[in-house]
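Following the hints, position chain B against chain A.
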Amino acid sequence: MTNSMNQFKKATTLSEFYNAVDFNIVVTPDHEFFTEFSDVRGDFEDQMIYKSFKVNPKTFVYSQEPGLSTKPNLFLAGMRGSGKTSELAKISKKLHNKNCFFCVTCNLDEGLSTDNMEYMDIVIFQMERLFEELEKIGLNIDNGTITSLQSWFSERVKEINHAIKQENGFEMEIGAETPSLFSFLKIAAKLKSNLTGSRENADKIRMVFRNNFTDFARKFNEVIEKVSITLREIDFAREILFIIDGLEKTATSEVRKKVIEEITDRIRYIQVNTIFTLPIELMSERPRLIQFSKVVSFPFVKIVERDGTKVAEAIDRFRQFVYRRIDQSLFESTDVVDKAIMMAGGSPRELLRILQYANLYADEDAGVITMSNLDKGIKKLAAEDSQFLTQDDLNKLKELKEANIENRPMPPYNEVWQDLLEKQIVLEYNDGTYKRVRPVIEISQLYQYYVG
Amino acid sequence: MLDNYTEENQPLFKLLRTPAFRFVVVRFNHYSLVKQLQSDLRAQFADRKVSIINTEKATYQEILKTYLDQEEGFLFLENFEDILKRDADSQGKVSPEMAKNNQRRSSIAAGLNMRRDKLAKYPIAIVAFVFASAGELYARSLMEKMPDLWSFRSLLLDLKQEQEASTAKKIQQELQWEPTPVSTLGGNTREEKLSELNRLLNEVKATPNTETNYLRTLYEQIAELQKETGQYDEAIKTINSLIEKTEDPKFKFGFLISMGDLLRTRGFFDNALKIFIEAKHYCKKIEEDYPLGIVHQRLGDNYVDLEISDKALSNYQQALSIMQKLHQTFPYDKIYADGLSISLFKLGNIYQKINQLDTALDYYFKGLELSGSLYNSDKGNISYKNGIAISNSKIGDIFFLLKEFDRAIVYYEIALSIFKELYKIDRSKFQKALAINYLKLGDTYFTLGNRTALSHFKTGEKLFQELSEQDKSNLDKKNDLAFLYYKLGNSFYDKQNDLQTAKTYFKQAQKLWEELVATSPNHAEFKKNLEQVKKDLASLSE
Chain A
1 MTNSMNQFKK ATTLSEFYNA VDFNIVVTPD HEFFTEFSDV RGDFEDQMIY
51 KSFKVNPKTF VYSQEPGLST KPNLFLAGMR GSGKTSELAK ISKKLHNKNC
101 FFCVTCNLDE GLSTDNMEYM DIVIFQMERL FEELEKIGLN IDNGTITSLQ
151 SWFSERVKEI NHAIKQENGF EMEIGAETPS LFSFLKIAAK LKSNLTGSRE
201 NADKIRMVFR NNFTDFARKF NEVIEKVSIT LREIDFAREI LFIIDGLEKT
251 ATSEVRKKVI EEITDRIRYI QVNTIFTLPI ELMSERPRLI QFSKVVSFPF
301 VKIVERDGTK VAEAIDRFRQ FVYRRIDQSL FESTDVVDKA IMMAGGSPRE
351 LLRILQYANL YADEDAGVIT MSNLDKGIKK LAAEDSQFLT QDDLNKLKEL
401 KEANIENRPM PPYNEVWQDL LEKQIVLEYN DGTYKRVRPV IEISQLYQYY
451 VG
Chain B
1001 MLDNYTEENQ PLFKLLRTPA FRFVVVRFNH YSLVKQLQSD LRAQFADRKV
1051 SIINTEKATY QEILKTYLDQ EEGFLFLENF EDILKRDADS QGKVSPEMAK
1101 NNQRRSSIAA GLNMRRDKLA KYPIAIVAFV FASAGELYAR SLMEKMPDLW
1151 SFRSLLLDLK QEQEASTAKK IQQELQWEPT PVSTLGGNTR EEKLSELNRL
1201 LNEVKATPNT ETNYLRTLYE QIAELQKETG QYDEAIKTIN SLIEKTEDPK
1251 FKFGFLISMG DLLRTRGFFD NALKIFIEAK HYCKKIEEDY PLGIVHQRLG
1301 DNYVDLEISD KALSNYQQAL SIMQKLHQTF PYDKIYADGL SISLFKLGNI
1351 YQKINQLDTA LDYYFKGLEL SGSLYNSDKG NISYKNGIAI SNSKIGDIFF
1401 LLKEFDRAIV YYEIALSIFK ELYKIDRSKF QKALAINYLK LGDTYFTLGN
1451 RTALSHFKTG EKLFQELSEQ DKSNLDKKND LAFLYYKLGN SFYDKQNDLQ
1501 TAKTYFKQAQ KLWEELVATS PNHAEFKKNL EQVKKDLASL SE
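Protein chains in written order, with this note's numbering: chain A, 1 to 452; chain B, 1001 to 1542.
Some hints here could point you the wrong way.
Pair ranges (Cβ atoms, derived) [to be verified]:
{"#": "1", "chain 1": "A", "residue 1": "Ser180", "chain 2": "B", "residue 2": "Ser1195", "range": "11 to 21 Å"}
{"#": "2", "chain 1": "A", "residue 1": "Thr178", "chain 2": "B", "residue 2": "Glu1369", "range": "44 to 54 Å"}
{"#": "3", "chain 1": "B", "residue 1": "Lys1284", "chain 2": "A", "residue 2": "Arg80", "range": "33 to 43 Å"}
{"#": "4", "chain 1": "B", "residue 1": "Asn1202", "chain 2": "A", "residue 2": "Ile234", "range": "18 to 28 Å"}
{"#": "5", "chain 1": "B", "residue 1": "Ser1309", "chain 2": "A", "residue 2": "Glu200", "range": "42 to 52 Å"}
{"#": "6", "chain 1": "B", "residue 1": "Lys1250", "chain 2": "A", "residue 2": "Glu200", "range": "31 to 41 Å"}
{"#": "7", "chain 1": "B", "residue 1": "Phe1365", "chain 2": "A", "residue 2": "Thr178", "range": "53 to 63 Å"}
{"#": "8", "chain 1": "B", "residue 1": "Ala1206", "chain 2": "A", "residue 2": "Glu415", "range": "48 to 58 Å"}
{"#": "9", "chain 1": "B", "residue 1": "Lys1100", "chain 2": "A", "residue 2": "Ser180", "range": "49 to 59 Å"}
{"#": "10", "chain 1": "A", "residue 1": "Tyr269", "chain 2": "B", "residue 2": "Lys1458", "range": "33 to 43 Å"}
{"#": "11", "chain 1": "A", "residue 1": "Val61", "chain 2": "B", "residue 2": "Ser1314", "range": "46 to 56 Å"}
{"#": "12", "chain 1": "A", "residue 1": "Val61", "chain 2": "B", "residue 2": "Ser1195", "range": "35 to 45 Å"}
{"#": "13", "chain 1": "A", "residue 1": "Arg80", "chain 2": "B", "residue 2": "Lys1285", "range": "34 to 44 Å"}
{"#": "14", "chain 1": "B", "residue 1": "Asn1202", "chain 2": "A", "residue 2": "Ser180", "range": "16 to 26 Å"}
Residues from chain A shown here face chain B by an in silico Cβ test under 8 Å; the list is partial [stated by the list, open to error]:
{"#": "15", "residue": "Ser148"}
{"#": "16", "residue": "Ser151"}
{"#": "17", "residue": "Trp152"}
{"#": "18", "residue": "Ser154"}
{"#": "19", "residue": "Met207"}
{"#": "20", "residue": "Ile229"}
{"#": "21", "residue": "Glu233"}
One-sided excerpt, in silico: chain A residues whose CB lies under 8 Å from chain B [said to hold, decoys possible]:
{"#": "22", "residue": "Thr70"}
{"#": "23", "residue": "Pro72"}
{"#": "24", "residue": "Arg210"}
{"#": "25", "residue": "Asn211"}
{"#": "26", "residue": "Asn212"}
{"#": "27", "residue": "Asn221"}
{"#": "28", "residue": "Glu222"}
{"#": "29", "residue": "Lys226"}
{"#": "30", "residue": "Glu261"}
{"#": "31", "residue": "Thr264"}
Simulated from the structure, these hints should not be mistaken for laboratory data.
For every residue, glycine included, the Cβ atom is placed at its ideal position computed from N, Cα and C.
So here's chain A without its partners, still in its complex pose (with noise of 0.2 Å):
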C-alpha cells in the first residue's frame, strides 16, 4: 500500500477530513471506502460487461472453451467522477482467478506520456504491462516465442535507430541478451521509456510499428495466445483481459480523439480481451467503435427522477458512500450531508469536492460542519464553476429545464451539448436518454438570472 493509501483512511477529526475526500485517489474493492452503486446507476449494469466477456456474473467463471472464443473489446464510456476507474478496479479483482482471466491493468497516464500518445504507444505498454505481471507470477514462456519477439522487435529497433542516426538523434542502445521474459521486458521497457522522452525518438519508433503494424499485430497475437495456453496449463486463469483506463487524462481532446481513432483503425487486428474507459466527449465516435467493439455508458447514479421523484436506494448508498470516509459525528446533522448528496447530483467525486468546499469553511474549534457551512462551500463552487457559461450555453440549459419540466424528450445531440457535458455542466443518467442540469449550477446567480 502507497504512503497516500496509508492516509487514506476512515476521517474521525477534522483535520483528516481533507485526506478522507481526497477524490485522486483510486479505492479498491479491498478498501474500506469503497461503496458498490452498480445496481443503483439505473439503465447499467454490471453484469452486462460479465456477460460480454462471457463470464457468468454470479460465479465469475468464464464460460466459454478457452482457444476457440472471438476476443471482445469494449468501451465503458462515462464522465469525470463517475466512478469509472473504481467499477474497473472491482470488476478486475472479481474476473482474476484462475477459472476467468488473468487481467492486466494498465493506467495510461501512469505508464505512458500524456501530452504525446499515441495508440502504438498504448500496445506497446499493454506488452510490457503483460510481461511485468508474468514476471511477478514467475512464469516461463516458451523459448521459441520469444525468441522471435525479441528478434522482431531489435530488427525493428535497428531501424528505429536508423531513421534516429539520419537526423543526428541519439539512438537507442540495447544489448545483445540471450533472449528471456526478463530480456524482452528491457526491451519493451526502453522503447516505452523512449515513448515518454523526447519527441522526435518517440515519433520514429511509432512510425516503424505503425509501418509495420500488420506483423506486430501478428507476434501480438502470438504471444497472447501462447501466454494463454501457458496460463491454462499451470491453472492460473483461462484467457488474458487487458483493462486500459486513464485516457481522459491526456492531455488534450484532440490527443483523445486521435487515439480513439487510431483504436477503431486498428483494433481489428489485436485480438485479445480489452476493455478501455472512453470520455464521454468521444461517445459521438460511437458509430465507428461499434463497427469492432461493444460501446456501454456508465451513467452517473440517479438520484432524483426525471419527474422529481427522489430515489431513496440511491440516496442511502451515497450516505454509506459518505459515513465510510467520515464520521458521522463530523457533521452538525444527517442534514448537511444529505444536502451535500442531492447537490452532488449522483456524482461521487461532485460529492466529495462539496464536503471539501464545506470543510473550508468550517470552524476548526468547534469541530463540525455546519449547514451553514455547506451553504457557503456550495455557493463558492457554484460561483466558480458557473463563470465561465456563455449565452448559447445558457440558452441550451434553458432548453433543457423546460424539457424535463415539460417531460419531452430530449433535445437533439449536437456539438454544444456534448461540450456541455464535457465541461459537467450538465450531468447524465441512464443510458443518455435523461439529462439534467448540474445541481450546483442550478443554484449559481448566473444561472437563477438567466434560465430561473
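Using the frame of chain A, we list chain B on its own:
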C-alpha cells in the same frame, strides 16, 4: 515526323544574320529539337564560336567566364528551366544540400540579370533551352527572376514535335511492375524466414487441435512465410486447413481472401474466382459493407487476370460505390479511406488497360487528392506519403501513354522526389519503388532523346542490383532484377533501335527467369515472363 520546326525558326535565322547580343529562349518538347537547332545554327554560321553549358550543373561564375572568354558567337544554355526550380521535400523542408542547390540557381538568375549591360556589350547570342515540362507559365517565372535581362530578350520560340507512338510492347502493360510488399516476419533474408517457418511448423505440431486461436496466429504467419519463400502450394494447403478449422465468419472471410490471392499467384484464376465468390457469400453473414467492398476489388482483379474487362470494371465500380459510402459515413476512418483510395487506383488501372486514358487519368487524380488529404491529416504516416508518390507516378504513366512526355516528366519528378524521401526513412521498403521511378523517368527522357535518361537508368539499375545482392535467394528480388533487364532491353530497342544492347539486356533477363522457373516451376508470372523474353529474343534474331 510532324513539327513546327522550319516555320518557327525562320525569324531566328534572320535575326542572327547580324552578329550582336541576343537573348533567345527556346521552349521545346523533344530533345531531338535541341540537337537539330544547335546543329543547324553551327552549319548556317560556321565561322562563329559555340559553347554549350548544362545549366543544371553550372554555377553563375562558370557561365560568366565562358561567356566573357568566348567574346562572340553562340552560348547554348541547356536545361535552362532548372533555374526556375526550387528543391524542398514534401513538407516544404529544405535540407542543407537542397539549399545549396537552390542558392546556385538563384545566383545564375540574379547574376545574369545584374550583369545584363555588361553581357550586352558582346556580340553573343545566348540561346536558353527550356523544356516543356517547365509549364506554360515559364516565361512569367523567367521575367520575375531576371526582369532586366528579360527586357532585352530578342525572341521566344516554341518548338513542337508531334510525338510518335511509343512502340510499347504488350509485355510492358502486362507485367507486374509495382512494388510487392514483403513482411517483416522471420527476418530479412530467405534463410531467416525459412528458419522462422520451421519454428512455427514445429509449434503447430506441438499444439493440441483444440487451441484454435493459437493455431490461427501460427498459421497466418506460416502462410505468409511460405508465400514469401515461394512455397505457394504449401501455403495454399495451410490456408485451406485454416478455413476448415475456423468457424468465425470474419476470420473465414479473411482466409478465403488470402487463399484467392495465392491461387492467383499460382495462375489458377478459375479456382481463385470460385474462392472469391465463396468469400462474397460470407459477406452476408458478416453483415458489414467493408468486406463486400474488398471482395469486389478481388473479383475485379481476378477478372483482369481472366481478361474479362467488363466484369472487372463492374466489380471495381461496385467496390468504389461501397467504399465511397463508407468513407462518406465515416470520413475519419482511415481503413475506409484506404479502401476508397485502392478502389480509385483499381479503376484507374482498368481504364488504362482498356485504353480509356482520360477516364483513367480522372481516377488517378481523384486518388491523388484523397492521398493528399489523408497525408495532411497524418504527416507521419509513410503509407499515405507513398500513396501520393504512387498517384503521381500513375499520372505520369498516363501522360506518357498520351504522349504528353513533358507532363509525364513533371509527375515522375514529383514521385521521384517523394520516393527519395521515403527511401531515406526506410530503405528496405522503398528501394524498389525508387528504382522503378528512376527507370520510368529514364524511359521518358530516353523517348525524348535526352541523355539524362542514361544516368537515371544507371541509378535504377544500381538500386535493383543492390536489392538482389542483399538476398540472392529472394525470388521476388530476382524477378525484379530480371524485369529491370527486360525493361532496359525494351527501351534500347524501342527508342534507340540499339539491337545489340537490347539483346544483351534481354539475355540477362532470360537467364534470371530461367533460374526462377527452375526454383519455382509453379509460379505463373515467372513462366509467363520467361516465355515472353524468349519470344522477344527470337524476334530480334530474325
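So, going through the hints one by one against the coordinates:
1. A:Ser180 to B:Ser1195: 11 to 21 Å: holds, 19 Å
2. A:Thr178 to B:Glu1369: 44 to 54 Å: Since threonine 178 (chain A) and glutamate 1369 (chain B) have Cβ atoms about 52 Å apart, the given range 44 to 54 Å holds.
3. B:Lys1284 to A:Arg80: 33 to 43 Å: At 42 Å between Cβs, range holds.
4. B:Asn1202 to A:Ile234: 18 to 28 Å: holds, 22 Å
5. B:Ser1309 to A:Glu200: 42 to 52 Å: holds, 49 Å
6. B:Lys1250 to A:Glu200: 31 to 41 Å: Roughly 38 Å apart at Cβ, these two residues keep to the hinted range, so it holds.
7. B:Phe1365 to A:Thr178: 53 to 63 Å: holds, 54 Å
8. B:Ala1206 to A:Glu415: 48 to 58 Å: holds, 55 Å
9. B:Lys1100 to A:Ser180: 49 to 59 Å: For serine 180 (chain A) against lysine 1100 (chain B), whose Cβ atoms are near 50 Å apart, the range 49 to 59 Å holds.
10. A:Tyr269 to B:Lys1458: 33 to 43 Å: Holds: the Cβ-Cβ distance is about 41 Å, inside 33 to 43 Å.
11. A:Val61 to B:Ser1314: 46 to 56 Å: holds, 52 Å
12. A:Val61 to B:Ser1195: 35 to 45 Å: Given range 35 to 45 Å: holds, Cβ gap about 41 Å.
13. A:Arg80 to B:Lys1285: 34 to 44 Å: For arginine 80 (chain A) and lysine 1285 (chain B) the Cβ distance comes to about 40 Å; the hint holds.
14. B:Asn1202 to A:Ser180: 16 to 26 Å: Given range 16 to 26 Å: holds, Cβ gap about 20 Å.
15. Ser148: holds, 6 Å
16. Ser151: With a closest approach of 7 Å, the serine 151 (chain A) hint holds.
17. Trp152: holds, 7 Å
18. Ser154: Nearest chain B Cβ about 10 Å off; hint violated.
19. Met207: With Cβ-Cβ at 5 Å, under 8 Å, it holds.
20. Ile229: holds, 6 Å
21. Glu233: violated, 11 Å
22. Thr70: holds, 6 Å
23. Pro72: violated, 12 Å
24. Arg210: With a closest approach of 7 Å, the arginine 210 (chain A) hint holds.
25. Asn211: holds, 6 Å
26. Asn212: holds, 5 Å
27. Asn221: holds, 4 Å
28. Glu222: holds, 4 Å
29. Lys226: For lysine 226 (chain A), the interface hint holds, since the closest Cβ of chain B sits about 6 Å away, which is under 8 Å.
30. Glu261: holds, 6 Å
31. Thr264: Holds, about 6 Å.
When held up to the earlier numbered hints, the structure conflicts with 18, 21, 23 and fits the remainder.
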